[in-house]
Amino acid sequence: MIRTEGLVKRYGDVVALDGLDLAVPQGTVLGLLGPNGAGKTTAVRILTTLLVPDAGTVTVAGIDVKAHPDQVRKRIGLSGQSAAVDEHLTGFENLDMVGRLYHMPKEKSRARARELLDVFELDEAADRPTKTYSGGMRRRLDLAAALVAAPDVIFLDEPTTGLDPRSRANMWDTIQKLVREGATVLLTTQYMEEADRLADDIVVIDRGHKIAQGTADDLKRQVGGERIETVLADAADLAPAQTILAGLSVGEVQVDDQARRLIAPVSGNVDSLRNVLQRLADANIQVADIGVRRPTLDDVFLSLTGHSADEVAEDESEDGKGPKRQSREKEVVR
Amino acid sequence: MTAVAIAFSDSIVIAKRNLIKIKRVPDMLVWTLMSPIMFVLLFGYVFGGAIDVRGTTYREFLIAGVFAQTVIFGASWTGVGMAEDMTKGVIDRFRSLPMSRTAVLAGRTASDIVSNSLSILLMGLTGLLIGWRIRTGPLEAIGGILLLLLFAYAFSWIMAWVGLKVKTVEMVNNAGFMVIFPLTFVANTFVPVETLAGPLKAFAYWNPVSAVAQAAREAFGNTAGQIPPDVWSLQNPALYTLIWVGIILAVFIPLSTREYNKASSR
Chain X
927 MIRTEGLVKR YGDVVALDGL DLAVPQGTVL GLLGPNGAGK TTAVRILTTL LVPDAGTVTV
987 AGIDVKAHPD QVRKRIGLSG QSAAVDEHLT GFENLDMVGR LYHMPKEKSR ARARELLDVF
1047 ELDEAADRPT KTYSGGMRRR LDLAAALVAA PDVIFLDEPT TGLDPRSRAN MWDTIQKLVR
1107 EGATVLLTTQ YMEEADRLAD DIVVIDRGHK IAQGTADDLK RQVGGERIET VLADAADLAP
1167 AQTILAGLSV GEVQVDDQAR RLIAPVSGNV DSLRNVLQRL ADANIQVADI GVRRPTLDDV
1227 FLSLTGHSAD EVAEDESEDG KGPKRQSREK EVVR
Chain A
41 MTAVAIAFSD SIVIAKRNLI KIKRVPDMLV WTLMSPIMFV LLFGYVFGGA IDVRGTTYRE
101 FLIAGVFAQT VIFGASWTGV GMAEDMTKGV IDRFRSLPMS RTAVLAGRTA SDIVSNSLSI
161 LLMGLTGLLI GWRIRTGPLE AIGGILLLLL FAYAFSWIMA WVGLKVKTVE MVNNAGFMVI
221 FPLTFVANTF VPVETLAGPL KAFAYWNPVS AVAQAAREAF GNTAGQIPPD VWSLQNPALY
281 TLIWVGIILA VFIPLSTREY NKASSR
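For the protein sequence lines, the chains are X and A, in the order given. Counting with my numbering, you get residues 927 to 1260 for the letters of the first sequence. Counting with my numbering, you get residues 41 to 306 for the letters of the second sequence.
Be a bit skeptical, because a hint or two may be false.
What the hints assert, rightly or not - Mimicking DSS-like on lysine-lysine, the simulated pairs with C-alpha atoms at most 30 Å apart in a straight line are:
| hint | chain 1 | residue 1 | chain 2 | residue 2 |
| --- | --- | --- | --- | --- |
| 1 | A | K207 | X | K1032 |
| 2 | A | K241 | A | K302 |
| 3 | X | K1034 | A | K241 |
| 4 | X | K1057 | X | K1103 |
| 5 | A | K241 | X | K1000 |
| 6 | X | K1034 | X | K1000 |
| 7 | A | K128 | X | K992 |
| 8 | X | K1057 | A | K207 |
| 9 | A | K63 | X | K1146 |
| 10 | A | K61 | X | K1000 |
| 11 | X | K1032 | X | K1146 |
| 12 | A | K128 | A | K207 |
| 13 | X | K1032 | A | K205 |
| 14 | A | K56 | A | K128 |
| 15 | A | K241 | X | K1057 |
| 16 | A | K63 | X | K992 |
| 17 | A | K241 | A | K128 |
| 18 | X | K1000 | X | K1032 |
| 19 | A | K207 | X | K1034 |
| 20 | X | K1136 | A | K207 |
| 21 | X | K992 | A | K302 |
| 22 | A | K56 | X | K1032 |
| 23 | A | K205 | X | K1000 |
| 24 | A | K205 | X | K1057 |
| 25 | A | K56 | X | K1057 |
| 26 | A | K128 | A | K63 |
Unchecked claim - Label-pair distances were calculated between CB atoms; the ranges are:
| hint | chain 1 | residue 1 | chain 2 | residue 2 | range |
| --- | --- | --- | --- | --- | --- |
| 27 | X | D939 | A | V219 | 55 to 65 Å |
| 28 | A | M211 | X | G1217 | 50 to 60 Å |
| 29 | X | D1049 | A | E124 | 24 to 34 Å |
What the hints assert, rightly or not - A few chain X residues that face chain A, going by a derived Cβ cut-off under 8 Å, partial list only:
| hint | residue |
| --- | --- |
| 30 | T974 |
| 31 | R999 |
| 32 | K1000 |
| 33 | V1011 |
| 34 | D1012 |
| 35 | L1027 |
| 36 | P1031 |
Simulated from the structure, these hints should not be mistaken for laboratory data. Cβ atoms here follow ideal geometry from the backbone N, Cα and C, with glycine treated the same way.
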């Protein structure tokens, strides 16, 4: 349903997309992962006809996006940070307006608006200006707006960034339901967990390049399994602790002197944790904090690119979008 | 539906949306409507005695000028509205829909006619209170008002382009002031053109704002039988205004539409 080949987009000297290939079969979800500035939003903007690529081919629902953007617009829905709702209109007015702009007859557009408000549990707030909505409600309305014309292909650009955990879980349920009903979804996210939960296939991009592709499990395997993170009470113990951990670890032990932190990849999590604690206690090393950690997006990045998602976010910003958004997102990533 | 019918119906949807906003945030409209009233009173009373216009009272002479200036300032809200829209994600929603590419602009310029009509109504009432009278028939007067609104509508398209080009609301205001002040003052809006010096006079003769004001003045019967200066533009003010309206629309509708398609939301 979605296919790109050799997609290139430059903003002046900055290359936002550098030959990106994507393929999303019908009825599946592709998770597009990457830090800020990786090119996720640029890719979505090109696929949804908002931006014209400098090179490459793009087809959505079998239609050439560059040649027939209007045909594509009839078949897609866009939601997330790239699109929004009008804050002065009520929830109903927003959806009805979108319906009318899809050229639905008046009655049909109204009925569809009410139906969606019902589905998204916004019926009580339907006639209030969306300015008064909570963040979660606004995201729901935003997603509803993308679904007005029951599109074949849905683009969700960071649909849960900035949402509280409960709203996020609700949003995930909704998206899963859409896919069960046959929709094809391209989803961008910064959260491994989100991609893990929703995506059939994950593409990790960085600086406009695809750096990894596979299922969530594939990627985690690539990163390595669990790791034990130990924070010591005394920096003087770092060297002996590293020796101990190296003996139990299945990979290289990373040491952060300033944070007095050691990170050791391990295989059997609980047993290894017990062993580590035992050996450290035997050596009389005081532990301030210890825990088993599963790989995160940041680990994927560290392992795939050698720099963390945060660093990238600080280095570059996607098409000049403000630093405000980045700092907000960074908090969530951490 | 044909492309034109689609463009028309989409524009109405967008205009409705803009009007709902005016309804929900009435403060902005109140302030937009206060300034025309203030202008009528200010010019009427402060300059009223100082400026002498042969054959008629200054207040009567003034009203058409204030109308012209105010609807042009009113048109600059189009630029503000576009710049504001462009900073919000909702414009990306519009651009991802199979709607007409001119509808957001056409809807905006159309809804601004409504606020401009309201401000003419208020100015007219204020004018009547301080002694302005329509000395022709209702048809002529309505013709004058329509011409004012039409010129303002064309001007809206210039400001829409400015709003898309300069990107921030503050800059639209500044850019608007830079253009609108000389355009509306170096004209016969507030003083008879004959009182202006050489190059200013030439500019005022051919300034379309002079023609709009002159045409409105004639339509309201506020010229007291004065013969306009012997330049074609002011001898045929309504026609000259219509020519300008045509030129502005022919240039700025495509220009603004192109800019709208190019600009991504910021």
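Hints and how they fare:
Simply put, K207(A) and K1032(X) have alpha-carbon atoms about 34 Å apart, too far for the 30 Å limit, and the pair is violated. Proximity of K241(A) to K302(A) is assessed by CA-CA distance (about 40 Å); at most 30 Å being required, the pair is judged violated. Between K1034(X) and K241(A) the alpha-carbon distance is near 59 Å, which puts this suggested pair outside the 30 Å criterion. Straight-line distance between C-alpha atoms of K1057(X) and K1103(X) comes to about 27 Å, which keeps the hinted pair within the 30 Å bound.
Restraint check for K241(A) and K1000(X): not satisfied, since their Cα atoms lie roughly 55 Å apart, outside the 30 Å limit. About 16 Å separates the Cα atoms of K1034(X) and K1000(X), which keeps this hinted pair within 30 Å; it holds. About 25 Å separates the Cα atoms of K128(A) and K992(X), which keeps this hinted pair within 30 Å; it holds. For the given pair, K1057(X) sits about 23 Å from K207(A) by alpha-carbon distance, which is consistent with the 30 Å threshold.
For the proposed pair K63(A) and K1146(X), the alpha carbon gap of about 53 Å is over 30 Å, so the pair is violated. Distance check on the hinted pair: K61(A) and K1000(X) sit about 27 Å apart at the alpha-carbon level, within 30 Å; holds. Between K1032(X) and K1146(X), the direct Cα distance comes to roughly 49 Å. Violation of the 30 Å bound is thereby established for this hinted pair. For the hint pairing K128(A) with K207(A), the CA-to-CA distance comes to about 11 Å; that is within 30 Å, so the pair holds.
In summary, the hint linking K1032(X) to K205(A) is not supported, as the alpha carbons are separated by about 34 Å, beyond the 30 Å threshold. Using a Cα cut-off of 30 Å, the hinted pair K56(A) and K128(A) holds, with the two alpha carbons roughly 18 Å apart. Only pairs whose Cα atoms come within 30 Å are accepted, and K241(A) paired with K1057(X) is rejected, the gap being roughly 51 Å. Distance restraint check for K63(A) and K992(X): the Cα-Cα separation of roughly 39 Å exceeds the 30 Å cut-off, and the hinted pair is therefore not satisfied.
Restraint check for K241(A) and K128(A): not satisfied, since their Cα atoms lie roughly 44 Å apart, outside the 30 Å limit. With a CA separation close to 17 Å, the supplied pair K1000(X) and K1032(X) stays within the 30 Å bound. Pair hint K207(A) plus K1034(X) does not hold up; C-alpha atoms about 37 Å apart against a cutoff of 30 Å. The hinted pair formed by K1136(X) and K207(A) fails the criterion: a straight-line CA distance of about 33 Å is larger than 30 Å.
A C-alpha spacing of about 14 Å is found between K992(X) and K302(A), which places the hinted pair at or below 30 Å, so the restraint holds. A threshold of 30 Å between alpha carbons decides the hint, and for K56(A) with K1032(X) the separation of about 14 Å falls inside it, so the pair holds. In summary, the hint linking K205(A) to K1000(X) is supported, as the alpha carbons are separated by about 28 Å, within the 30 Å threshold. Between the alpha carbons of K205(A) and K1057(X) the distance comes to roughly 28 Å, so the proposed pair stays at or under 30 Å and holds.
Taking the CA atoms of K56(A) and K1057(X), the gap is near 18 Å; set against the 30 Å cutoff, the hint holds. Proposed proximity of K128(A) and K63(A) is supported: the alpha carbons are some 20 Å apart, at most 30 Å. For D939(X) and V219(A), the hinted distance range of 55 to 65 Å is not satisfied, since their beta carbons lie about 34 Å from each other. Under the hint 50 to 60 Å, the C-beta atoms of M211(A) and G1217(X), about 52 Å apart, fit the expected range.
Between D1049(X) and E124(A) the Cβ separation comes to about 30 Å, which falls inside the hinted range of 24 to 34 Å. With a least beta-carbon distance of about 5 Å to chain A, the hint placing T974(X) at the interface is held under the 8 Å criterion. At a threshold of 8 Å, the smallest CB-CB gap from R999(X) to chain A is about 4 Å, leaving the interface hint in force. Because the smallest distance between the Cβ of K1000(X) and any Cβ of chain A comes to about 5 Å, under 8 Å, the interface hint for this residue holds.
Checking V1011(X) against chain A: minimum C-beta separation of about 7 Å stays under 8 Å; hint holds. Proximity of D1012(X) to chain A holds as hinted, the smallest CB-CB distance being about 5 Å (cut-off 8 Å). Evaluation of the L1027(X) hint against chain A yields a held restraint, the C-beta minimum of about 4 Å falling below 8 Å. At a threshold of 8 Å, the smallest CB-CB gap from P1031(X) to chain A is about 11 Å, leaving the interface hint violated.
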